[in-house]
Amino acid sequence: MALAMNWPRSSRPAWPHHQEPSLGITVKTVAALALATLLAAPQAQAALMTPMALPSATQQSLAGASLPAADTDWTNTLQVQQFNSSLGTLNSVSITLSGRVHSEFSATNNTNGPAAFNNQLYGSLQGLLPGGSTLELLFEGADDRTLDGGASYAGVVVERDRSKQVTFTSGLSPFIGNGSFAIDLMALAWSTIDGPSDYDMDISTWSSASVDVVYDYTAATQNVPEPGALALVGLALAAVALTRRRAA
Amino acid sequence: MNLRPALAALLLAAGAASAQAVTIGAQLPHVTSQTLSLEASAPLQANLSSFLDLAKFNPTLGTLTSVLVELHGVFDSTVKMENKSSSGSTLGATVNGTLSLGLPTGGALLALASANTSFAAARYDGTTDYAGASGTIRMLTGSADSSSSFHAPADLALFTGTDNLHLAITGQGSASFSGASNRSTRVATTTGATVRVTYSYDLPVITTPTAAVPEPGTWALMAAGLGMVGLLASRRRSR
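Chains as they are written, first to last, in numbering that gives the first Met the number 0: chain A, 0 to 247; chain B, 0 to 238.
Worth flagging that the hints you see were computed from the coordinates, not collected in a lab.
These numbers were taken from a predicted model, which means no experiment stands behind them.
Mixed in with the good hints, there may be bad ones.
Said to hold, decoys possible - Example chain B residues on the side facing chain A (calculated, C-beta under 7 Å, incomplete):
| no. | residue |
| --- | --- |
| 1 | SER86 |
| 2 | SER173 |
| 3 | SER175 |
| 4 | PHE176 |
| 5 | SER177 |
| 6 | ARG182 |
| 7 | SER183 |
| 8 | THR188 |
Claimed, not checked - With beta-carbon atoms standing in for the labels, derived distance ranges:
| no. | chain 1 | residue 1 | chain 2 | residue 2 | range |
| --- | --- | --- | --- | --- | --- |
| 9 | A | ALA69 | B | SER145 | 43 to 51 Å |
| 10 | B | HIS165 | A | GLY148 | 21 to 29 Å |
| 11 | A | THR133 | B | ALA130 | 45 to 53 Å |
| 12 | B | LEU157 | A | VAL156 | 49 to 57 Å |
| 13 | B | SER49 | A | GLU139 | 20 to 28 Å |
| 14 | A | ASN75 | B | ALA130 | 24 to 32 Å |
| 15 | B | LEU43 | A | LYS163 | 46 to 54 Å |
| 16 | B | GLY87 | A | SER105 | 20 to 28 Å |
| 17 | B | SER49 | A | VAL155 | 46 to 54 Å |
| 18 | B | GLY106 | A | THR133 | 52 to 60 Å |
| 19 | A | ALA69 | B | ALA107 | 47 to 55 Å |
| 20 | A | SER105 | B | HIS150 | 52 to 60 Å |
Glycine is no exception: its CB is placed at the ideal position from the N, C-alpha and C atoms.
Given these sequences and hints, build the entire structure.
Have a look at this one:
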């Protein structure tokens, strides 16, 4: 979704009621109006600065999608909204893939003495991006503990979060349009358990994934605010002139 | 004349007999080596930790020259694996067994055995029964041998006596599993051992007065021979 930019919102509320001063307006009213205009001007200017200051200023539009947690291993496809070219010219696309792998271990030591349990978890989340490149997250976690003979544990959690970003500045056409582009995801989780000669061990693992996309673009509408700003200045000058003439 | 060949033959026979007797006498002081093997076993069991009793070498048998201790270890594991992942996975299991035999000389004799298996499991079939396409039960067996021998008098003394060797035997195992990270695994292991102790020893030396013995016989033989010659001569003369 395109981010709503500051300028249309902040420039709007100051004006609708005062934009068209009536002919029967008093000097005081006009003077107050001029003052208000001058006071408001820096504010408006500040608000207008972002899109107006430099013709080459870029803006950002965000998109994203996520998948809920699912037992590994899984494959799925995320659909992410494309960049709407009516917003402007797309300069670059940054894609951040974030993932979480969550494992729960439960074990019973069936020997008659204390024993070490070493659980090692490995996971990967791979995203196949438009254009054939991939983003891969690697997860690694461990849990080492000792259980007395005959003792159990349950719900021991090993959880890891990872994210990785890639930015494209060329080959952007797959990201432009009114629909969506696809990211094929594959989540794998693998683990090794070391324990004594007699034990029970259950492992369950899920992983989740999300994609955040930032479209960096040069706005096509950057010259629109200018007439409004000029009108504002002109109005202020006219108000001052009118005040002076009436005073003279 | 018949006398001369007959006499010569007798003398030759007497000489040969004499030489033979001396040779036998020279061999007698040589010692004879013997071996004695004893065995004890611990049957397959979980958490093996016990003692094996074996008789020490009885010094009245002779002189102990060396001791060989041999350890044969065995383990049996039942391995259960169920893939609970939503996709197929190869599940692997490895069992390592370590058997330790305490030695009277201090230290331990170790026998290490290992066995492994892998199972190409299909996606979870919905039942954790260690059967079907996603589960399995496997038997893993491993065995190992090791030995140690002793020659030093100080070590041999520890194996000598009229009582028993009381040797501690312990079995320790470890099992590891690998595969897709949604699964249930079980392992149960029994361990057993056989210990054989072989005593090599020399029989007691029996000393015999070898040099004096043959001489009377030789002279007696000579006398008998000469007597025979004389008898033949007298008979011929009397005829």
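Each hint, compared with the structure:
no. : hint                               : in the structure
1   : SER86                              : 4 Å, holds
2   : SER173                             : 6 Å, holds
3   : SER175                             : 5 Å, holds
4   : PHE176                             : 5 Å, holds
5   : SER177                             : 4 Å, holds
6   : ARG182                             : 6 Å, holds
7   : SER183                             : 5 Å, holds
8   : THR188                             : 4 Å, holds
9   : A:ALA69 with B:SER145: 43 to 51 Å  : 50 Å, holds
10  : B:HIS165 with A:GLY148: 21 to 29 Å : 25 Å, holds
11  : A:THR133 with B:ALA130: 45 to 53 Å : 38 Å, violated
12  : B:LEU157 with A:VAL156: 49 to 57 Å : 53 Å, holds
13  : B:SER49 with A:GLU139: 20 to 28 Å  : 42 Å, violated
14  : A:ASN75 with B:ALA130: 24 to 32 Å  : 30 Å, holds
15  : B:LEU43 with A:LYS163: 46 to 54 Å  : 52 Å, holds
16  : B:GLY87 with A:SER105: 20 to 28 Å  : 23 Å, holds
17  : B:SER49 with A:VAL155: 46 to 54 Å  : 34 Å, violated
18  : B:GLY106 with A:THR133: 52 to 60 Å : 55 Å, holds
19  : A:ALA69 with B:ALA107: 47 to 55 Å  : 50 Å, holds
20  : A:SER105 with B:HIS150: 52 to 60 Å : 53 Å, holds
Consistency with the previously given hints fails for numbers 11, 13 and 17, ordered from lowest to highest.
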